[in-house]
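Taking the hints into account, I'd like the entire structure generated from these sequences.
Sequences listed follow chains A and B, in order.
Numbered according to our numbering, the first sequence terminates at residue 279, and the numbering increases by one at each position without gaps.
Numbered according to our numbering, the second sequence terminates at residue 116, and the numbering increases by one at each position without gaps.
By construction, these hints were calculated from the structure, which means they are not laboratory data.
Some hints here could point you the wrong way.
What the hints assert, rightly or not - Below are the DSS-like pairs computed for lysine-lysine, each with C-alpha atoms no more than 25 Å apart in a straight line: (1) A:Lys-205 - B:Lys-108; (2) A:Lys-31 - B:Lys-104; (3) B:Lys-108 - A:Lys-31; (4) B:Lys-28 - A:Lys-67; (5) A:Lys-31 - B:Lys-116; (6) A:Lys-205 - B:Lys-104; (7) A:Lys-220 - A:Lys-165; (8) B:Lys-116 - A:Lys-205; (9) A:Lys-31 - A:Lys-42; (10) A:Lys-165 - A:Lys-182.
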Amino acid sequence: MAKIVGGITTSHVPAIGRAIAQNLQQDPYWKPFFDGFAPVQKWLDEVKPDVAIVIYNDHGLNFFLDKMPTFAVGAAAQYCNADEGWGIPTLPPFAGDAELSWRLINSLVADEFDITTCQEMLVDHAFSLPMKLLWPEHETPPVRTIPVCINTVQYPLPSAARCYKLGEAIARAVASWPEELKVVVIGSGGLSHQLDGERAGFINKAFDLQFMDSLSTAPKWATQYSNEELVEQTGTQGVELLMWLTTRGALPGEVVERHRNYHIPISNTAAGLMLFECR
Amino acid sequence: MTQASGFNVPGTYLFDGDMAMKGYALNKMCFSFNDAANRQAFAADEAGYCRRYGLNAEQCRVVHERDVLGLLAAGGNVYYLAKFAGILGLDVQDLGALQTGMSKEAFKQMLLEAGK
Numbered sequence: 001m002a003k004i005v006g007g008i009t010t011s012h013v014p015a016i017g018r019a020i021a022q023n024l025q026q027d028p029y030w031k032p033f034f035d036g037f038a039p040v041q042k043w044l045d046e047v048k049p050d051v052a053i054v055i056y057n058d059h060g061l062n063f064f065l066d067k068m069p070t071f072a073v074g075a076a077a078q079y080c081n082a083d084e085g086w087g088i089p090t091l092p093p094f095a096g097d098a099e100l101s102w103r104l105i106n107s108l109v110a111d112e113f114d115i116t117t118c119q120e121m122l123v124d125h126a127f128s129l130p131m132k133l134l135w136p137e138h139e140t141p142p143v144r145t146i147p148v149c150i151n152t153v154q155y156p157l158p159s160a161a162r163c164y165k166l167g168e169a170i171a172r173a174v175a176s177w178p179e180e181l182k183v184v185v186i187g188s189g190g191l192s193h194q195l196d197g198e199r200a201g202f203i204n205k206a207f208d209l210q211f212m213d214s215l216s217t218a219p220k221w222a223t224q225y226s227n228e229e230l231v232e233q234t235g236t237q238g239v240e241l242l243m244w245l246t247t248r249g250a251l252p253g254e255v256v257e258r259h260r261n262y263h264i265p266i267s268n269t270a271a272g273l274m275l276f277e278c279r
Numbered sequence: 001m002t003q004a005s006g007f008n009v010p011g012t013y014l015f016d017g018d019m020a021m022k023g024y025a026l027n028k029m030c031f032s033f034n035d036a037a038n039r040q041a042f043a044a045d046e047a048g049y050c051r052r053y054g055l056n057a058e059q060c061r062v063v064h065e066r067d068v069l070g071l072l073a074a075g076g077n078v079y080y081l082a083k084f085a086g087i088l089g090l091d092v093q094d095l096g097a098l099q100t101g102m103s104k105e106a107f108k109q110m111l112l113e114a115g116k
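As structure tokens, this is what we get:
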């Protein structure tokens with residue numbers, strides 16, 4: 001049967017794409033961020049997952065306010081990247097697996113997660129950058145992908161507790177797949193940062209570190225908070241840590257932290273990276 | 001600025017249903033900037049482009065004046081406004097400096113300090 005082999009959580013900012021396009025990985029500003037990925041790249045080379053379920057938030061590329069799904073799941077043979085407004089070079093399309101997507105969709109809805117299905121879905125930097133960071137030597141990542149998008153644009157957002165439960169439902173879905181497949185769950189977002197308002201530039205290192213610790217020792221710790229409380233603690237966009245909680249919720253059984261990195265700042269953001277392995 | 005009930009963090013705004021309705025036209029215009037041809041059309045005739053998207057007078061004014069806090073107050077959502085900022089050649093540190101009243105250098109220094 002299919003098995004979730006691990007989870008990877010990372011931050012994303014558009015400037016990473018610009019840094020990659022300009023080959024700035026070893027530039028002093030970027031080096032502490034990019035170097036953090038080496039152990040995770042090595043783990044992926046060893047484990048060789050077949051499928052990546054990518055939990056991310058759209059930044060106004062695929063979804064507009066006319067229709068804003070709380071949870072959306074891709075169901076396409078491939079997913080294209082596109083210009084998000086800044087003319088940064090786009091990446092080639094990412095392979096999907098529509099059959100597996102529909103299996104996930106069927107399981108989630110049976111499990112009372114009434115998600116939106118997308119047979120066309122443009123994926124933005126929150127999806128594409130982790131692919132480039134985790135498999136930098138590959139033109140396209142050597143996995144089939146299933147995008148899972150969580151609304152962080154327009155309130156109300158799903159609660160931290162609800163996102164964790166979505167992760168658990170994803171784990172149940174994967175466990176029901178009969179094929180011998182290795183699945184990695186990737187969560188893209190956070191950590192603390194705030195782009196808008198007079199409090200722009202807000203970063204909360206103490207909370208971020210406590211949150212990262214909690215994912216190892218008490219994974220549901222952050223589900224005690226409302227999104228308003230998370231915004232207070234982590235900034236308006238720090239609430240993207242919902243992607244990390246969803247990812248952690250999707251990791252079944254005994255989970256071991258294999259690697260972490262934390263660096264302030266990239267752009268306006270505290271950048272975190274964690275690798276969890278399922279035993 | 002309208003706030004979700006009970007939320008009160010200084011200098012921090014939640015983009016709720018009221019804001020989503022108020023800023024719809026402004027955000028729709030900014031969403032159009034995903035397309036390079038639309039960015040060029042805006043640059044060629046800013047006022048006409050704003051009119052085409054049905055921005056109200058206040059929204060036209062804050063677009064014209066590049067008033068970042070004004071854009072937020074007029075219902076602009078940061079994810080869509082970021083595309084407008086791109087047209088202006090502003091990065092997120094520029095936006096941070098404009099909103100906090102700091103110089104860009106001071107804003108960047110504040111980010112570095114947060115890591116210590």
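Results for each hint:
For the proposed pair Lys-205 (chain A) and Lys-108 (chain B), the alpha carbon gap of about 16 Å is at most 25 Å, so the pair holds. Proximity of Lys-31 (chain A) to Lys-104 (chain B) is assessed by CA-CA distance (about 22 Å); at most 25 Å being required, the pair is judged to hold. Simply put, Lys-108 (chain B) and Lys-31 (chain A) have alpha-carbon atoms about 17 Å apart, close enough for the 25 Å limit, and the pair holds. Taking the CA atoms of Lys-28 (chain B) and Lys-67 (chain A), the gap is near 12 Å; set against the 25 Å cutoff, the hint holds.
Proposed proximity of Lys-31 (chain A) and Lys-116 (chain B) is supported: the alpha carbons are some 17 Å apart, at most 25 Å. A C-alpha spacing of about 22 Å is found between Lys-205 (chain A) and Lys-104 (chain B), which places the hinted pair at or below 25 Å, so the restraint holds. Our distance criterion of 25 Å between C-alpha atoms is met by Lys-220 (chain A) and Lys-165 (chain A), whose separation comes to about 10 Å. The hinted pair formed by Lys-116 (chain B) and Lys-205 (chain A) meets the criterion: a straight-line CA distance of about 9 Å does not exceed 25 Å.
With a C-alpha separation of about 18 Å, the suggested pair Lys-31 (chain A) and Lys-42 (chain A) falls inside the 25 Å cut-off, and the hint holds. With a CA separation close to 21 Å, the supplied pair Lys-165 (chain A) and Lys-182 (chain A) stays within the 25 Å bound.
The structure fails none of the hints (numbered hints given earlier).
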